[in-house]
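K.L.:
Below, each chain spelled out in residue letters.
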Amino acid sequence: MPTEILMPALSPTMEEGNLSKWIKKEGDAVAPGDVIAEIETDKATMEVEAVDEGTLGKILISEGTEGVKVNTPIAVLLADGESEADLDKAASKQAAEETKVADDSATKAEPEEKSGGSVPAAPEVKIAADPDIPEGTEMVSTTVREALRDAMAEEMRRDGDVFVMGEEVAEYQGAYKVTQGLLQEFGDKRVVDTPITEHGFAGVGVGAAFAGLKPIVEFMTFNFAMQAIDQIVNSAAKTLYMAGGQMGAPIVFRGPNGAAARVAAQHSQCYAAWYGHIPGLKVVMPYTAADAKGLLKAAIRDPNPVIFLENEILYGQSFDVPKMDDFVLPIGKARIHKEGRDATIVSFGIGMTYAVKAAEELAGEGIDVEVIDLRTIRPMDLDTVIASVKKTNRLVTVEEGFPQSSVGAHIASQVMQRAFDYLDAPVITVAGKDVPMPYAANLEKLALPNVAEVVEAVKAVSYRS
Amino acid sequence: MARAASKTSAARSRSTKKGAAGAAVQAPKPPKPEDFDKEQELHAYREMLLIRRFEEKAGQLYGMGLIGGFCHLYIGQEAVVVGMQMSMKDGDQVITGYRDHGHMLATGMEARGVMAELTGRRNGYSKGKGGSMHMFSKEKKFYGGHGIVGAQVPLGTGLAFANRYRGDDSVSITYFGDGAANQGQVYESFNMASLWKLPVVYIIENNRYAMGTAVARSSAETDFSHRGLSFKIPGIQVDGMDVRAVKAAGDLAVDWCRSGKGPIILEMQTYRYRGHSMSDPAKYRSKDEVQKMRSDHDPIEQVKQRLMANKWADEDELKAIDKEVREIVGDSAEFAQTDPEPDVSELYTDILL
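So the protein lines, in turn, are chains S and F. First residue of the first sequence: 1, per the working numbering; consecutive thereafter. First residue of the second sequence: 1, per the working numbering; consecutive thereafter.
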């Protein structure tokens, strides 16, 4: 049967074009790959190649015609043994093709109409509560640094596919000593010093995860992970979706995040909001040593890419950690750090240090604050936040990151949409100042949030200032 | 059966000498392409033809508006993936950039699933959610399909890391182009791969143009087999239009990796007949240049001529192969047009496990 040659689309946006020239004439033999015509699009003149073998039976659109719509038949190709007498058969095929195209567009349009063109609802994330800690469990005072190390060591003992890689993680025992002792216990096959090459080793980690290993990639700080952000976002976070669920990256990217002390603009940035923006990632930012341990163990076991944001200043702080064989916490669950009824402070990571102190001060002034430690930025446990707001009717968020598009800004927007009627005052988002981190001690202090700001914000939402 | 002389054997031996003198890399001797037997020639012919016909059909479907976005065709470069695949064994992994349809077909992925992904349908390899540039098959050890130029190089190096970690003898075949060869992460990967002796074959598919920029206008060192010298990675230039030369170099390279010597680079000197993507009129090169490659170096035509000269296949037999390939491609195109689009509920699946 003769084949119709259709006006081709030659760019993602082309709808019509000019048929500027026929290179082949009626009666010419054509083979796949032969240039048969030239078409002018809005951007360029393009060559049209034949796909099938045959003889150019009839030219339907003469050269010089302008505004030829995509998919208009422009010529008819005769196969071996066909003649001009067969040309009309193509016409009937054309009619059939048109019906098919029409049918196709109908089926395409249908589902949209059925659902009113609306987007299906995002599935609800159900997250289990924290495990019970049996009564009488011994609590051991542990630094965040030790808790993180213990989490890695326990998971490495448990699963031979888990390994750690990063700058100075092995022989130096960790730039911040978080991986102390791991090389001695697990050897250099599983505790791998990398060159200073963040983009490269992040990608190597993701590739190893594609192959089924469970890498823990340590960034000396998350400031340096900006070099690697393409591999984190485009390769680690999106592959499961782009592969239709066939494969993804079970990997943990961890390291200190945010401001330390006097290290200035390039070494003092919080990435909670950055990574919190990306579907396909989980983002954890613990405050206490127990959360650091339980959540890092969960992150290593998680089949998804997890960003684990630590803080250099918190590394040396001690908290009680339950002495249990396998203490794993759920990612995606906030923790009510202190119950209260007058106002809610939501924070996470080092932001909690301001929140906790502010709550203590405010208690002295008769304001009973509920403090929520978000612990996980994505998926975010907004249910816990909203339940608290419904009780206290007042909300302040606290974080060290920049104010625009911050984690607090997202919480404020969600609370406004889901609990507007429960709010007795506008939400206040306490954040770092909208400036690069200065070096000078006095300016650095001003750039970060402080306890007084949080106290003032809670009083403001309580109309007590 | 006479040994066929390779057109680039002179270039290969020259580059190797330079490589040996320039750094302390004991570069392997460039292999002489072995003649294929009848079965190998027929296999290579069919596999290359399948890719070409598939790509021509994809171009046609793109023209009909059935394939959206970007579509980068592999026409002209078929010998590279087909020859390399003939050197590989089960367990070896493949990863590449966005010009990936040929690689997928070569690994044995079904034409239907690939074409249906191109049209964004539910039975595409990624359920229609990845498209031309992002397709995967865990079963066939094809790890994508990556849209960011050069990103597949650390990823492929990571696959090799996993092989070494597990102590198996699989090799990661990591493909990238002459354009990607200028990305920094490629050299970060070279350094680690060499430092840790990772079993990775870096295949630089030098098709002479990084989108529209000729190699000489973008690369200070246009001999890509030398790109690993600072990292003590040996490299070989290969006539990427001759499937036998590709297989010979591939055999050497995978042996090199399997014997624990670490990474190796193969620069495949090849050519793409079509534009960078469907919307590229390719005005940066002359028609004569393209025509000369097609008429003098076409990888499929070379095999066809040998098959006929050796009387291993006559026109009718070759036509029968062509017919079989056309049927597969035609069936895939039909399937890709009738398969439904993904259900709307798929919008929110496969984001997290």
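Treat the hints with care, since some could be wrong.
Unchecked claim - No farther apart than 20 Å at their CA atoms in a straight line, the calculated lysine to any residue pairs in the SDA-like style are these:
#, chain 1, residue 1, chain 2, residue 2
1, S, Lys69, S, Lys126
2, F, Lys287, S, Glu40
3, S, Lys126, F, Leu352
4, F, Lys283, S, Lys333
5, S, Lys43, F, Glu39
6, S, Lys333, F, Ile351
7, F, Lys319, S, Glu40
8, S, Lys189, F, Asp169
9, S, Lys189, F, Lys283
The hints are simulated quantities; they were obtained by calculation from the structure and are not laboratory data.
K.L.:
Each hint: holds or not?
P.N.:
Hints and how they fare:
Simply put, Lys69/S and Lys126/S have alpha-carbon atoms about 50 Å apart, too far for the 20 Å limit, and the pair is violated. At most 20 Å may separate the alpha-carbon atoms for a hinted pair to count; Lys287/F and Glu40/S meet this at roughly 17 Å. Only pairs whose Cα atoms come within 20 Å are accepted, and Lys126/S paired with Leu352/F is accepted, the gap being roughly 13 Å. The straight-line distance between the Cα atoms of Lys283/F and Lys333/S is roughly 57 Å, outside the 20 Å bound, and the hint therefore fails.
Proximity of Lys43/S to Glu39/F is assessed by CA-CA distance (about 46 Å); at most 20 Å being required, the pair is judged violated. At most 20 Å may separate the alpha-carbon atoms for a hinted pair to count; Lys333/S and Ile351/F meet this at roughly 19 Å. Simply put, Lys319/F and Glu40/S have alpha-carbon atoms about 35 Å apart, too far for the 20 Å limit, and the pair is violated. Taken as a hint, the Lys189/S and Asp169/F pair is honoured in the structure, with Cα atoms around 17 Å apart against an allowance of 20 Å.
Of the pairs offered as hints, the one joining Lys189/S and Lys283/F is violated, with about 51 Å between alpha carbons and a cut-off of 20 Å exceeded.
Hint compliance for this structure: hints 1, 4, 5, 7, 9 are not met, and every other hint is.
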